[in-house]
Amino acid sequence: MIETAKKLLKNGDVNIVIGYSEGSQGRVRPFFARNEEEAENLVYDNRCTQNLAMYVSKKEISKYGKPAIVANIHTLRGIIRLAVENQIKDGDLIALHINDKDEMTVCSTLEEIETHLATVTPQISDEDKVMIEKLDAMSLTERRNFWEKEMENCIKCYACRQACPLCYCTQCTVEVNQPQWIPVEASIDGNLEWHIMRAMHLSGRCISCGQCGDACPVGIPIHLLPMKLSQEVKNIYGSISGMNRSEGCAMATYQPGDKENFIG
Amino acid sequence: MNTQIKILKSANYIKLLQKLFDHKKNIYGPVRQGKRIGYQKINSANELATDFIIPDMSAKSFVFPCIEKLFSFTKDKENVEIQNLNLDNIPEKIIVGIRPCDALGMKSLKAIFGRDPADSIFQTRLERTTFIGYACNQADDYCFCTSINGGPGNTEGSDILLTKTDSGDYIAEIITPKGESIVASAPELFEDGSGLDKQKYLADVPKRFDDSNLENKMKAAFDTNVFDEYAIRCIGCAACAYVCPTCACFDIQDRTKGSKGERIRTWDSCGLKLFTLHTSGHNPRETQGVRWRQRLMHKFSYMPERLEVRGCVGCGRCSRRCPVDMNIAESINIITDENII
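Keeping their order, the protein sequence lines are chains A and B. One point on numbering: in my numbering, the residue at position 217 of the first sequence is 217, and numbering is uninterrupted. One point on numbering: in my numbering, the residue at position 169 of the second sequence is 433, and numbering is uninterrupted.
Next up, chain B with everything else stripped away, as it sits in the complex:
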């Protein structure tokens, strides 16, 4: 569908949220808890945090939770009975204030979980989630969305994107049918905004590297020592992967109690030393340098090659949160700058 541009006055934005609360919708948004900012369930618009760059954790857990049940099982002597997850129980959710980078991350996740056979649990979660995005009017030095085809006003992944103007009112871009149905629930709150330009209200995010031919540059770097050299300080935790909006590696575990149990899916990371450890004790990725290479190759070479989408949206969380200042944009810059080809 063609994107429609409307105006949502700031008072009407509150009214819209109120209307959604009145309709008993599950609404989530960025909330401040002490020093933290996280996407959490809210019951009033007042709970929404303001004046911050980006929530600490990405929005991926709405569609790919840190822990999720896949099915339950019961064992009776020789017989094992499996109870599939009832997908009807997955609730509808509306996420307000999702950042454009987090919304764009859904595209990468969709490509990963949509690969044949498509993951029905993931797909149901995504189908039942509506994203009312919030264009970035501020950024920090870790943001690099513009270097990888994203941007502070990128609409991809959002159903509606709101851009706050100087007056406090919002330019609302209605992008998908899901977004339209939100408008349809309170059409009186939206006014025509055709011709309005959001550009001047967006944050300035300079390019941190040249992404042309990045996939080939990555491949050419494979056998060089750039990854070992950059990752020499990496301590091998999973912080970068777990804060990432697109990292989707998972582990499968059985949680059993007596003859009953459930199979769960839980986040995993290529940074951890158990990752790809073989039963024999051999690990083809034995050092942090090789694990860092896997991380970057996966995001910027393997995913574009196989899924036609990159595994990075330039949110910069991995670099902000790394205990030893591993900076992904800097690392790519070293690779692209060195003209290894």
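Bound-form chain A, shown alone:
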């Protein structure tokens, strides 16, 4: 990976490599190599679960020019989803995918990413599966109580939004104050509104990478909301997000054959 990154930088194929380096206290952290020397610091192992696709739309990174991005499966799916939503186009980036067997594939086109994703079955962790089943089994009141209890801890720091590759809006609804749709302060009702709004906005778009939950400084399993909605969209429309550019936008598209049995 380091050799490939160095070659890409040397040949001018890319201007920056978005990857991981050693961080503090045994953690890894996002890392940005802009020359061959910096590329020496890149690492990749099973700690590299963060979805780096979110950096593609950050101006602090895009100012450097074309990136190569060290990509786990979630990152690849994020890239495809960004392409579906016209945020990136073919040739904008190169993905360096490393699979479970530590084999690296260089994907220079979106089609190469799609071909690779076609061989993969999207999965969520066992822990998330258990939690979603637990929530599904709850009554409406129990579920509301569960989330209200969790929302007591939400401090509205927006780490969930900032860590999400699909929260790329230049102006988020919470930043609109005329009218003020969602309260600025972290009140329980306002927190619920914010998280429901975000989950609805991500329904059918969320690639289930779980980044929002991982980023939460107070440990709210907030990723379960968009994750569950993605499952619902899959069940109703058969669409899985972040796999192929032909997947479209289930929740933003009307088709005469769409089921309407949720009405009345």
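Since the hints were made in silico from the structure, they are not lab data. Note that the structure is a prediction, hence the values are computed from the model and not measured. Positions of the beta carbon are idealized from the N, C-alpha and C atoms, including for glycine. Wrong hints could be hidden among the right ones.
Which bits of chain A does chain B cover? Going by a derived footprint, with three or more residues having C-beta under 8 Å, they are [as the list claims (entries may be wrong)]:
hint, stretch
1, 22-30
2, 213-220
Taking lysine to any residue pairs in the SDA-like style, the calculated list, with each CA pair at most 25 Å apart, reads [claimed, not checked]:
hint, chain 1, residue 1, chain 2, residue 2
3, A, K63, B, H542
4, A, K149, B, R300
5, A, K59, B, E493
6, A, K59, B, T540
7, A, K59, B, C534
Knowing the structure of chain A, use the given hints to seat chain B on it.
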């Protein structure tokens, strides 16, 4: 007042808490809730969490809540009537088990909110809160209190500081008149401890950076690229500011319903992109690098210059909780190491 040293036997500590409960005092302390540890209201000593380093959130919300009402208002045609907050309704609270870094954080907050005109709501909250601190007997690699003049046994900000000894009993330092009044409520539970030394029971927190001349080193770094370089991975959330015991930026919002409403104060952060955004659309702090610089300059240069206190107590929460491993001690180390001057 001179600090008095006493012994509080572990059984007497429980009795002391029981006595405070019996007197219907509002007592708060670190409580475990699933994976979280937070300062919460308790009704029995059994609820207190043990064997952990530091609560996830700091104790600042006791004096500077995440949301607080400043006053209410009613509008009747042209007339607006304002109802001030009745400060008498702010309850007395006792916080047990507050860590020395969190207690020290009160000094920074006091300097910020005490600046003329002093904030009466903040001051009342602080006056009505008693801190029974708990010296740290364990630390992790994120702790750096000793690098900024704090320490695992620092007494500043605490009214009483308890240090647990090997036998499970506590060395109790009675630091303020508020602390004395706790002792006075149950003097029979405290024994004389003059001459006892708590040092050997304290956690070992190595120095992570040299803080000499830090203010000037920060200033010298202002125009260099160290902040941009360090913050290149910063994603622009407010986690660091909200878990911080001293970050005090706030936003003012009106919550209205019909002709009635209330004005509230709520936490804000320099990490967020709306921070210092002008009406024109221009923002003098447009990138995360510049926002990170503001964060560090504020804590280690502007506050010492204007308020004679730093805006950091070395608790390490911002670094523990950062989703992308922004490590404040490391960042300062880079600045002080590079000899920019």
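Here is what the structure says about each hint:
no.: 1; hint: 22-30; result: holds (count 7)
no.: 2; hint: 213-220; result: holds (count 5)
no.: 3; hint: A:K63 <-> B:H542; result: holds (23 Å)
no.: 4; hint: A:K149 <-> B:R300; result: holds (13 Å)
no.: 5; hint: A:K59 <-> B:E493; result: holds (14 Å)
no.: 6; hint: A:K59 <-> B:T540; result: holds (18 Å)
no.: 7; hint: A:K59 <-> B:C534; result: holds (18 Å)
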